[in-house]
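Asks: Sequence:
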Amino acid sequence: MLLSTWICNCSKAVTCLLDIQAVIPFLTGQITSNEHDEKERVAQGMCAFLLGLSIINIQKSDETSYQKLLQLIKSRIGHEVFMDKFNERAPTSFFDYMWCKLFKQQEHKIISHLENLSSSEDPSEAVPTIDYQKIIDESNSKLQSVMLENAKLRADLSETKEKMNQMQLSANTFNPNHIDKPAQCSCDKVTNQLRDELIQQRLQIVHLKLLIRS
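Here UniProt numbering is used: position 102 in the sequence shown is 102, and no number is missing along the way.
In short, the hints are calculated from the structure, not lab data.
Predicted model only: the values in this text are computed from it and were never measured.
Heads up, the beta-carbon is just placed ideally off N, CA and C, and yes, glycines get one too.
All clues given are correct.
Straight line, CA to CA, 25 angstroms or less: simulated DSS-like cross-link-like pairs of lysine-lysine: (1) K104 - K12; (2) K60 - K12; (3) K189 - K152; (4) K60 - K104; (5) K104 - K39.
Estimated spans, in silico, between C-beta atoms of each pair: (6) C8 - I136: 54 to 64 angstroms; (7) T64 - F26: 16 to 26 angstroms; (8) N34 - T64: 28 to 38 angstroms; (9) N116 - S141: 39 to 49 angstroms.
Please work from the sequences and hints to get the whole structure.
Replies: And the structure:
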């Protein structure tokens, strides 16, 4: 009660409070405690209230400390946990009238401030959503294209082999002891080229299938 009354509307008092190294660990430990005793819940709510007061009263005077307190709630305590503990209504019979009045005056400011910060977080810090269906559709489309090209290369290779066989057969028919070597070399070159392209297409198909499975 004394601390919350002291730091209310006084940034210098907040600075003095935060300069005590044991304050933040104590407040954090109390707020994150899982004790369910009635008095413990009241203490947890009081600590959350004190931390909330520190945030709204130091915002304009010390940006570094302000950001550290926000990061404390976000990373170590958790926004939902903090709000749950803060919303633990402290029984008014435990406190005097003036303090209860102070609590009611500051309660809305703290809740509004933290909720506004939570709803206006930088979108760049949010975890990006991945459209897996779009990735799968694109991969399937590429796979179909590669498979069609692969089928065309197979047909071209088969046709080239057939032509080469016909040329060799014709050469053997006219002169069994003499095969047109330049023609054969040309056919071999085309065949090897098509075979290399076919191998590349097969590798692309395997790669795309692995992408889709992953």
